[in-house]
Every structure is written in structure tokens, then in C-alpha cells.
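With chain A held as given, fit chain B onto it using these hints.
Number of protein chains: 2
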Amino acid sequence: MDITRAKLRQAAELMQKHGVDCWIIEFARETGNHSDPLAYLVGAQITWPSAFLLNHDGRSVAIVGSGDKGQIEGLGLWDEVRGYVASPRDELVNVLRSWDPGRIGVTWSDSDSMSDGITYGMYKMLESLLDRTPYKERLVSAGELAGEVRSRKLPDEIEAIHTAISFTEQVFQRIATQLKPGLTEIQLQKSVQSWIREAGHGFAWEDRMNPIIDFGPKSEPLGHSIPGETKLEPGHLAHVDLGITVDGFSSDLQRTWYLLRDGETDAPDEVKKAFTATRQAIDAGMAVLKPGKAGHEVDAESRRTIIEAGFPEPQFAFGHHVGRVAHDGAGTLGPRWERYGKTPEIPIQADNVFAVEMDLDVPGYGVIGLEEEAVVEGHGARFLSNPQRELWLLKPR
Amino acid sequence: MDITRAKLRQAAELMQKHGVDCWIIEFARETGNHSDPLAYLVGAQITWPSAFLLNHDGRSVAIVGSGDKGQIEGLGLWDEVRGYVASPRDELVNVLRSWDPGRIGVTWSDSDSMSDGITYGMYKMLESLLDRTPYKERLVSAGELAGEVRSRKLPDEIEAIHTAISFTEQVFQRIATQLKPGLTEIQLQKSVQSWIREAGHGFAWEDRMNPIIDFGPKSEPLGHSIPGETKLEPGHLAHVDLGITVDGFSSDLQRTWYLLRDGETDAPDEVKKAFTATRQAIDAGMAVLKPGKAGHEVDAESRRTIIEAGFPEPQFAFGHHVGRVAHDGAGTLGPRWERYGKTPEIPIQADNVFAVEMDLDVPGYGVIGLEEEAVVEGHGARFLSNPQRELWLLKPR
Numbered sequence: 414m415d416i417t418r419a420k421l422r423q424a425a426e427l428m429q430k431h432g433v434d435c436w437i438i439e440f441a442r443e444t445g446n447h448s449d450p451l452a453y454l455v456g457a458q459i460t461w462p463s464a465f466l467l468n469h470d471g472r473s474v475a476i477v478g479s480g481d482k483g484q485i486e487g488l489g490l491w492d493e494v495r496g497y498v499a500s501p502r503d504e505l506v507n508v509l510r511s512w513d514p515g516r517i518g519v520t521w522s523d524s525d526s527m528s529d530g531i532t533y534g535m536y537k538m539l540e541s542l543l544d545r546t547p548y549k550e551r552l553v554s555a556g557e558l559a560g561e562v563r564s565r566k567l568p569d570e571i572e573a574i575h576t577a578i579s580f581t582e583q584v585f586q587r588i589a590t591q592l593k594p595g596l597t598e599i600q601l602q603k604s605v606q607s608w609i610r611e612a613g614h615g616f617a618w619e620d621r622m623n624p625i626i627d628f629g630p631k632s633e634p635l636g637h638s639i640p641g642e643t644k645l646e647p648g649h650l651a652h653v654d655l656g657i658t659v660d661g662f663s664s665d666l667q668r669t670w671y672l673l674r675d676g677e678t679d680a681p682d683e684v685k686k687a688f689t690a691t692r693q694a695i696d697a698g699m700a701v702l703k704p705g706k707a708g709h710e711v712d713a714e715s716r717r718t719i720i721e722a723g724f725p726e727p728q729f730a731f732g733h734h735v736g737r738v739a740h741d742g743a744g745t746l747g748p749r750w751e752r753y754g755k756t757p758e759i760p761i762q763a764d765n766v767f768a769v770e771m772d773l774d775v776p777g778y779g780v781i782g783l784e785e786e787a788v789v790e791g792h793g794a795r796f797l798s799n800p801q802r803e804l805w806l807l808k809p810r
Numbered sequence: 414m415d416i417t418r419a420k421l422r423q424a425a426e427l428m429q430k431h432g433v434d435c436w437i438i439e440f441a442r443e444t445g446n447h448s449d450p451l452a453y454l455v456g457a458q459i460t461w462p463s464a465f466l467l468n469h470d471g472r473s474v475a476i477v478g479s480g481d482k483g484q485i486e487g488l489g490l491w492d493e494v495r496g497y498v499a500s501p502r503d504e505l506v507n508v509l510r511s512w513d514p515g516r517i518g519v520t521w522s523d524s525d526s527m528s529d530g531i532t533y534g535m536y537k538m539l540e541s542l543l544d545r546t547p548y549k550e551r552l553v554s555a556g557e558l559a560g561e562v563r564s565r566k567l568p569d570e571i572e573a574i575h576t577a578i579s580f581t582e583q584v585f586q587r588i589a590t591q592l593k594p595g596l597t598e599i600q601l602q603k604s605v606q607s608w609i610r611e612a613g614h615g616f617a618w619e620d621r622m623n624p625i626i627d628f629g630p631k632s633e634p635l636g637h638s639i640p641g642e643t644k645l646e647p648g649h650l651a652h653v654d655l656g657i658t659v660d661g662f663s664s665d666l667q668r669t670w671y672l673l674r675d676g677e678t679d680a681p682d683e684v685k686k687a688f689t690a691t692r693q694a695i696d697a698g699m700a701v702l703k704p705g706k707a708g709h710e711v712d713a714e715s716r717r718t719i720i721e722a723g724f725p726e727p728q729f730a731f732g733h734h735v736g737r738v739a740h741d742g743a744g745t746l747g748p749r750w751e752r753y754g755k756t757p758e759i760p761i762q763a764d765n766v767f768a769v770e771m772d773l774d775v776p777g778y779g780v781i782g783l784e785e786e787a788v789v790e791g792h793g794a795r796f797l798s799n800p801q802r803e804l805w806l807l808k809p810r
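Protein chains in written order, with the numbering used here: chain A, 414 to 810; chain B, 414 to 810.
Chain A on its own, in the form it takes in the complex (with noise of 0.2 Å):
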């Protein structure tokens, strides 16, 4: 919980310049079954239409059904716990009564899934319970606030996505001891697994496809693809995008083997062209990832060199935050695509965590994906990971 009261403290420095007086951070019910990216600032679950509130001057109020009073206590979080039974209406007006915020944030975004906490039904709701009150005109939308909040990562943040880059590598290293001819991507895929379960840790996203394994050549183009039976064989790329998730912080990472046929001492030219143009991209938005840039400016760097080396243009974008999850929300460094909303544009800070990537099909031998994290600093970028900087070479037997 020291995070999350050192993150609350961060939310209320934050809100003079987001324009917000009082932030409604979450404002939901039976987030067990609906779960709310705000949650972490809550620190639990709840059950009943409940609102979490912080006031610019740091005070904070939760607003619980009484039979989670107790277990929203005893987190020690919020300053005062009110419980109610039948609505939360009166103990809602009576708090933003005695505050009086002139802009009452609440947590919803089109462009950012991450700080898009309140479902439509709630928030009718919370207008509702706001009739007849001069609060009702006074909500804005908290989205920005909610971002910055989630993607400038404390000391201890970084830290601990830092340790989970860590287990994860370590990981990779034992993936290396398998990769033999005849495995499938499933067997691997459950071997990782067991691995990380093993471990006590937990997936950064759905285990389903958590690695995304690819040997060999595919039929389907680049996407968000589950295991299969194919087998490892030589003359293959072998492709491994992992993400952990090591006491609530999470990595995302990609490595790439070829697996050597007979007689074979390095990987064939056209995989290592790919290979050099993959590591190319990371630097190329890598030199420019630094406060002050917008993510498509980023982006940008990284495509134009794929381009340059005569491949087709990526169809994701470079880089993502990463922290609770793998997708983190806030900014995208990505090109301006409707489907990134404004997040493209979303000024780079210092204190950001970036998942950074590139990948590329090469025909008749598979998948190179890299993907690396970085921190950024006052003037550029750090590696978080050891960034794979050759194409790791696997022996036949």
C-alpha cells in the first residue's frame, strides 16, 4: 500500500494543472466481476456503487455500501471511510458540499483505455445522484489527469517493473535450453507457464497468449496469434513475446533465435537484413524518446527507417507505456491512426516506462520481433532490459 499512498499524494500535486479541484478516481460497483484500470489507486475491490474522491488539498473520502466498510478501512488509505445501506447520494452531496470543487474530475477518456474507468451506465448514475445540486454542471472529464497520474512512474515503480524485466530474462535464458528441433510452440508455451506459475507470479496479459510463440514461416500475417502445433525445425526463426507480471508491475518483451541448418554457421542473409533493420527501428525511436516529444514523432523515426530498408510499413505502433500492464494506457508512440485516439500526440515525460518494438515477417523463415523497455531520463532514454542487439544463433542439436 506505500505506493499507492505515495501515487495518491502524486494525483493531488497533479491536479492544479489538470484543472481539476476534486477527482472522483473511481466511481463503480462489483469491480471483482468489472474491473476498473483506476482500481490500483483504490487499492480493492468493492461491491456496492461506491466513489473514491480526493480533494486538491489531499483530503480523501471513500464512500463504501456498509459491508465493505471494514475491508476499505482496513486498507488505510483513505482518510474517511463513509458507509451507507439504502444510497450513496447523501454522504456524496454532503462531501462535495463541504468541499465545494468548482471542476469535479471524473475518470473517463475516449482516447486512453486506461484512464476510462466509469462505465456509461455510472455515470448516468452519478448525474442522477447529483439532481437538483449545482455539482451536476461542474463534472469534467479527468482522462488527462488520470494518464499522467498512471504513466510518471515513481522511484519504487520503476523499480519494480524493473524486477520484473529481470525474472523475465531470466526466463528467456531458460527458453534458450529448449529450443530444440521437434518442440511445438504449444509445449514451450506450456512449459513457460508452468515456469511462471511455478514462480508465484502472473501473466502482463490473457495466458492464452502469453508468450506468443511463432516458429517458422506463417500462413497469417503479424498479429495477436495462440500457439499451434508447428514445430521447431532448422532454418527457422524462432519468435518469443513474453510479458510477467511480478507483484502488480509487468514487462513486455520479444526475443528472436534461428535455429541453424546443417552446415550453417550464421543465419541466411535475408534474415539477418531483417534482423539489422528490426534493431535499426529501435534505435531510430530510441534517439529521439525524450520529454517534450509527442509519440508519433517517435513513431515516426521508427517506421521511416523500416520503410528505408525497403519493408512493408508496420501496421502496429513502436512503443506503449508499460507498468501495472503490459498495455498501460496514457500515450501511444504510434502513428496517427483513429484507432489511437489523441494519445499519439500526448507529450513525452520524464519518468515514463516505454515498451518499445518492431517487428517483421521474413518470408520462408518466420518472425523477428524485438521488443525492449525503457525509461525516460531529463534528455533521453535508458534501457530498462538488456536490449538484444544480435540475432541469437541456436545449433541444430
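Please keep in mind that the hints were generated in silico from the structure rather than gathered at the bench.
Be aware that a few hints might be false.
Because identical chains cannot be distinguished in the list, a pair is counted as satisfied if it fits within a single copy or across any two copies.
What the hints assert, rightly or not - Heads up, simulated DMTMM-like pairs for lysine to aspartate or glutamate below, C-alpha to C-alpha not over 20 Å straight-line:
| # | residue 1 | residue 2 |
| --- | --- | --- |
| 1 | LYS420 | GLU677 |
| 2 | LYS685 | GLU582 |
| 3 | LYS631 | GLU683 |
| 4 | LYS537 | GLU550 |
| 5 | LYS755 | ASP503 |
| 6 | LYS644 | ASP434 |
| 7 | LYS482 | GLU726 |
| 8 | LYS685 | GLU790 |
| 9 | LYS808 | ASP660 |
| 10 | LYS420 | GLU572 |
| 11 | LYS482 | GLU582 |
| 12 | LYS703 | ASP764 |
| 13 | LYS755 | ASP544 |
| 14 | LYS537 | GLU646 |
Computed from a predicted model, the values in this text were never measured in an experiment.
Below, chain B alone, put in the same frame as chain A:
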């Protein structure tokens, strides 16, 4: 996927009744991080903004980011899967143009959390994608439709819930063998959780509070509480609230034991009186749990029994749907309190599956809680669990 396919057929059949010509079942992004209670009709999690549409004639289309296309096609659930790179706008408008629905249902509800799928930000995005088309003005709430689809269980769903109940009842039998003086609440919770994990099953709610365990008198009022260091002692009630998810369907059951003191052959009179009142409250509610009744009418019968027996008025609803999760949304068997929204008004239907429950605090002894599952049939309700009819007595050694 067979149940999901049957549920989509059931949904198409119910659309006309609810005046929905095309149902946008899910319009979401990053559902791995921000879960959608409608995902059970989609069959998978998605990353980029995606629309899953069902027409009243049963035709279905999924519009997903190109990286998700392969995995959604692989489900075999959606007649057509359209991938996009930059924006879902064109595909979405094209599908609506070809179906030309008069009323387009969007899944939100201010009352029913499990039918409140779309976030506020995604609703805004949907409106923006439909700008300058006739479809923006045709959006209506599909919340009641979603609730009916979820709560009218198919035979396979009832069977799957019964399987979860049977496993849970086995766990209760095993719990009884552990209840000895000196056992702490936390020790018992850890044991129960290890049995569930070893069996490969899941938790019907957050595992921090699953099972809820109450040994002896409580200093706090009834509520969602976390097991502590309290030791079981002779003269204590032992109360366990446990929900287990087996193959995607859940149970939610409560059982109560009394640990006899030296020389006792039965529980004290005040304990017996409270147990009888609890059982009678269950029976009173069950007697009126039938198609056509409103939830609040069922709750009122049970509530009246408790008050007439001289106990304080319960602060909780008498019952809730059980299915994919323990609190499965739709109607509540509860009082018309604002926190339950309109859900106590929803008429009960055949093939609804409810948890019915009553808890009483017995000062000096602890908590009595009974909770059963029941399926509604043509003329009444039938227990799916083997109901606890007597207080279970334990010898002190």
C-alpha cells in the same frame, strides 16, 4: 464455445421483444485490462477498439484490429470477422448501412452492473464514429436485453452451475474435518484455497475474501470481511461463505457450524433460535420465488420473517443471480433501495438461477449464514444445492 454459440442464438431470438434490431454487444478495447461483463458472448479478449454486432436475424459481424483478426476467426463464433488497420469507422458504418437497423442497442445499464458494458469514453467514441450518419440517433440501451440473455439460463448453463455447486459442497465436507479448536480463520482460508487451486478451479470472487470465514463473535457488523487471526474455540459459531468457479460457471454458498463446549450436547437456545429464523427466512423467500414475481416481493417475505422473529432488519438483499460469476447481475431479490437501482422491479423468469441467503449475528457466539442456489421453474423454485436444514454441531475434540 458451444454454450456461447447457443447464447448468441438465444440473444437474437430475444431482440424483437426488447425492440432492438441490431445489438452492438461489445464496443470495447483492451478487455484484458478492463474487463467487459459481455465478453462471455464475444468469446475472447481484444486489444484494439472492436465492435461485435448481432442482427435480429441472427447474422453476426466482428470488427477488430488487424492484429486480433486471426484469434477471433479462430473462435468460429462470428459469421464474419473484419479486420482494420487505422480505424473501425468504415467497417462499422458499412455493416450498419447493409443491415439498416431502426434501433441499435448499446450495452449499458444504470441499474445492472453486469449489463453495463460500455465505458463512457467508448460511448463517446462510438458517437464520434457515427457522426454524420443516421445511426447516431438510433442508439438505444440494450441493458434489459443483456440482462435477460444473461439471466435466462440454458440447460447446459444450469448443469454447469450445478457442477460448481457439487464441487463446493465437497469442499464444505472437507472443511468440516478441519474445524478444531485453535484453527485460525487465515489457516482455514489458506487450506481451502489450496484445495481449489490443486483441483484447477477458480474463485467466484476476489480470493482475498474467498472464502469469507467468521469464527466466534464479531467486533464488526456483518459485511465482506477478510479472515483474520481469530482462533476457533468451543462455544463459537463457524461461518464460511464460499464461491468456486468450475469451467467458467460459479457457485455461492454459505454454511454454518457450532463447536460444542465441554458438556454441551446441543447449541445454546439463542443460537438455535437464530438458526431457525435464518432457515425460515430462506424458506419464506423460496415459497414466493416464481415466474412473474418482482424481486422485491420475494425479498419482503424473507425480510418480514426476520423482523417478526425479533431480529434487526437485514441490511442486504435476500438474493442475486448466480452464473458466470457469483453476482451475475440482472434482477435483485432485494428491497427498493437506490443502491439496487431498478433491479428489484425486474420480473422473475423461468430458468433464472438465484443465490438466496440470510445472515444473522448472534451476540457472544458469532455469525449464522445460510446461502443456497435455486433454479426457477414453471410454478416455483427448486434448490440446486443440498440445503443446510440443521445447524451442524462439532465435538470440541
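Each hint tested on the structure:
Taking the shortest alpha-carbon separations for LYS420 and GLU677, neither the intra-copy value of 53 Å nor the inter-copy value of 54 Å comes in at or below 20 Å. Taking the shortest Cα distances, LYS685 and GLU582 never come within 20 Å of each other, neither inside one copy (23 Å) nor across copies (60 Å). Within a single copy, LYS631 and GLU683 get their C-alpha atoms as close as 16 Å, which meets the 20 Å cut-off; across copies the closest is 71 Å, which misses it. Proximity of LYS537 and GLU550 under a CA criterion of 20 Å is satisfied in both settings, with 13 Å inside one chain copy and 18 Å between copies.
Proximity of LYS755 to ASP503 under the C-alpha cut-off of 20 Å is restricted to the inter-copy arrangement: shortest distance 19 Å between copies versus 37 Å within a copy. When the C-alpha separation of LYS644 and ASP434 is checked against a cutoff of 20 Å, the pair qualifies neither within a copy, at 58 Å, nor between copies, at 46 Å. For the homomeric pair LYS482 and GLU726, the shortest alpha-carbon distance between copies (18 Å) is at most 20 Å, but the shortest distance inside one copy (53 Å) is not. When the C-alpha separation of LYS685 and GLU790 is checked against a cutoff of 20 Å, the pair qualifies neither within a copy, at 32 Å, nor between copies, at 67 Å.
For the identical chains of this complex, LYS808 and ASP660 are neighbours neither inside a copy (36 Å) nor across copies (42 Å), given an alpha-carbon limit of 20 Å. Taking the shortest alpha-carbon separations for LYS420 and GLU572, only the intra-copy value of 15 Å comes in at or below 20 Å, while the best inter-copy value is 45 Å. For the identical chains of this complex, LYS482 and GLU582 are neighbours neither inside a copy (41 Å) nor across copies (29 Å), given an alpha-carbon limit of 20 Å. Taking the closest pair of Cα atoms, LYS703 and ASP764 come within 20 Å of each other only inside a single copy of the chain (10 Å); across copies the shortest separation is 58 Å, beyond that limit.
Taking identical chains as interchangeable, the C-alpha atoms of LYS755 and ASP544 lie at most 20 Å apart only when they sit on different chains, with a minimum of 17 Å there against 31 Å within one chain. Taking identical chains as interchangeable, the C-alpha atoms of LYS537 and GLU646 are never at most 20 Å apart, the minima being 57 Å within one chain and 49 Å between chains.
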